[in-house]
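Colleague: The lines below spell out each chain.
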Amino acid sequence: MIESIGASVRDKASRFLYALAFFGRVVDRSLRFFRRRQVGYKVLVFQILFTGVEALLVNAVMAMAIGAAIIVIGSSLLPQFGQSRLMYDIMVIVITKELGPLLTAFIVIARSGTAIATELAGMVVGHEIEAYISVGVDPVSFLVVPRVIGMVASLALLSIYFNLFGLLGSFLVVQLIKPIAFAEYFQSLLAALAPGDILSGMAKSLVFGVIISTVASYQGFAIGRASTEIPVAGIKAVGQSFVLCIFADVLITLAQYA
Amino acid sequence: MSAENASALLLELRGISASSGGSEILEDVSMTVERGDRVAVMGPSGSGKSTLLKVAAGLEPAGSGHAFFDGRDIATLGQREELDFRKRAGFGFQDGALWENQTVLNNLALPLRIHRPELSEPEIAERSRALLSSLGFTDSLGVRPATLSMGERKIVSIARAIVLEPELVFLDDPTGHLDEDARDRLYAVVDKLVRKGTTIVAVTNNSGFVRRFALRLVVVANGRVTYDVPMKVALAAEGLEPAARSVVARLKRYAERDRLDEIEERR
Chain A
1 MIESIGASVR DKASRFLYAL AFFGRVVDRS LRFFRRRQVG YKVLVFQILF
51 TGVEALLVNA VMAMAIGAAI IVIGSSLLPQ FGQSRLMYDI MVIVITKELG
101 PLLTAFIVIA RSGTAIATEL AGMVVGHEIE AYISVGVDPV SFLVVPRVIG
151 MVASLALLSI YFNLFGLLGS FLVVQLIKPI AFAEYFQSLL AALAPGDILS
201 GMAKSLVFGV IISTVASYQG FAIGRASTEI PVAGIKAVGQ SFVLCIFADV
251 LITLAQYA
Chain B
1001 MSAENASALL LELRGISASS GGSEILEDVS MTVERGDRVA VMGPSGSGKS
1051 TLLKVAAGLE PAGSGHAFFD GRDIATLGQR EELDFRKRAG FGFQDGALWE
1101 NQTVLNNLAL PLRIHRPELS EPEIAERSRA LLSSLGFTDS LGVRPATLSM
1151 GERKIVSIAR AIVLEPELVF LDDPTGHLDE DARDRLYAVV DKLVRKGTTI
1201 VAVTNNSGFV RRFALRLVVV ANGRVTYDVP MKVALAAEGL EPAARSVVAR
1251 LKRYAERDRL DEIEERR
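From first to last, the protein sequence lines stand for chains A and B.
My numbering puts the first residue of the first sequence at 1, with every later residue one more than the last.
My numbering puts the first residue of the second sequence at 1001, with every later residue one more than the last.
No lab work stands behind these hints, which were simulated from the structure alone.
Take the hints with a grain of salt, since some may be wrong.
[Stated by the list, open to error] Which residues of chain A face chain B? A few of them, derived with a C-beta cut under 10 Å, are:
#, residue
1, E54
2, G122
3, H127
4, I129
5, Y132
6, R225
7, E229
Ideal Cβ placement from N, Cα and C applies to all residues, glycine included.
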């Protein structure tokens, strides 16, 4: 009993150390990425296209829906407390600082996190990673780093889009409930929006991008040799990315308000 | 080790052990490969032949022991040394291991782009096309590996292993999945490698390949090297352990069949 607990602890500690070493290698190779003649730019471009561009529609729809929901709920509740002017502050906090980055991260986890984990896992099972090593290609530099950089860039891009569409969506709903001029709406939003809000949202997006891409790559590489483990890699990548993103979100928010 | 030995020795495995999922695959394996040597590694399925080849090529880590290439421990190579090693040692995989998201051309072009940056893209394409053509691959180079048969995948994998004209080539089951025509073309390409003095380490159970190319026979059974002799003496050996006896008996049968075919042809 004690022996099996000890073995389990040793196994977990060794996995944790391996994950840390993997992360260290990713950081090291990422810092060198743009300084070298690269064959990984194509992977980077595809990652940005898949994660950043192809997710725009889903991201935009969700952003508009959230923006609209805030306006609908806020316009019915806030006047009861005489706090209608708080509408714009709530919108900025929810869309730009809190829900925007997190929901964008969730979309990316569901689309790209699973894709990265299962694709890399498939490559491990098909011995493609060994083939890269056999010709002198470092799999981390060639396969992981472009995905990490692409994911971070894409999340920053999607975060900006989420803000734009979230605020646009709410404007469209405002027109249905209580039509106001765009200039007035825009000025009220700008008055509520501080540079720190945008920076906070961007910082979260960057951290989430690193988390999702690194976790998905790690899980992809960490599988054994059976093809049945490929979907398991995807499931683990999603679960761990969700937990770590929420944890990071809480930490960043605490740091801002502490 | 004398200076003469040091220069002749290209690959050395010293006390290699490897395990997977708690079970021992290789146990205390030691062997050496000299420049220009052509070693056939034979033995029963699951005996650890492919793992031995991958450990020797630095593609799988050894649990203990060391693999040396040209006197340097493969596990401790720096980035530049690793690149040099990869340029000088090619690996043909048992199941092809082609990059599925790349075209056939890119499967051959990537090693050239990395190790031969002086080559232009048209030159890279031409080299790749010529090599594949010599192996009888006539499909478009723009197709993805998913559309290829197992035999074609094997051919592309072998082409990728030798596209950089390495000094040492590891071949894992080179004749597997190949029809007779493809096998003949592979033999012609290996003949060229032999003429160039390329060192070859091949895991195979194809007696024809072994009889034609091997200078040395290594038999692996239960994760251990049980027999390691020059081919000339391999067939004359007596009192062998079962795995080596089975391999040698097969090679003898093949040699006898060859001899009868030759007599038949003379008639």
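Colleague: Decide, hint by hint, whether the structure agrees.
Modeller: Comparing the hints with the structure gives:
1. Taken as an interface hint, E54(A) does not check out: its beta carbon lies about 16 Å from the nearest beta carbon of chain B, beyond 10 Å.
2. Interface restraint check for G122(A): the shortest CB-CB distance to chain B comes to about 8 Å, inside 10 Å, so the restraint holds.
3. For the restraint placing H127(A) at the interface with chain B, the shortest Cβ-Cβ distance is roughly 4 Å, inside the 10 Å limit, so the hint holds.
4. Of the supplied interface hints, the one on I129(A) holds, with its beta-carbon coming within about 9 Å of a beta-carbon of chain B, less than 10 Å.
5. Interface hint at Y132(A): satisfied, since its Cβ lies 8 Å from the closest Cβ of chain B, which is below the 10 Å cut-off.
6. Interface hint status for R225(A): upheld, as the beta-carbon distance to the closest one in chain B is roughly 8 Å, under 10 Å.
7. For the restraint placing E229(A) at the interface with chain B, the shortest Cβ-Cβ distance is roughly 12 Å, beyond the 10 Å limit, so the hint is violated.
Hints 1, 7 from the list above are not met by this structure, while the remaining hints are.
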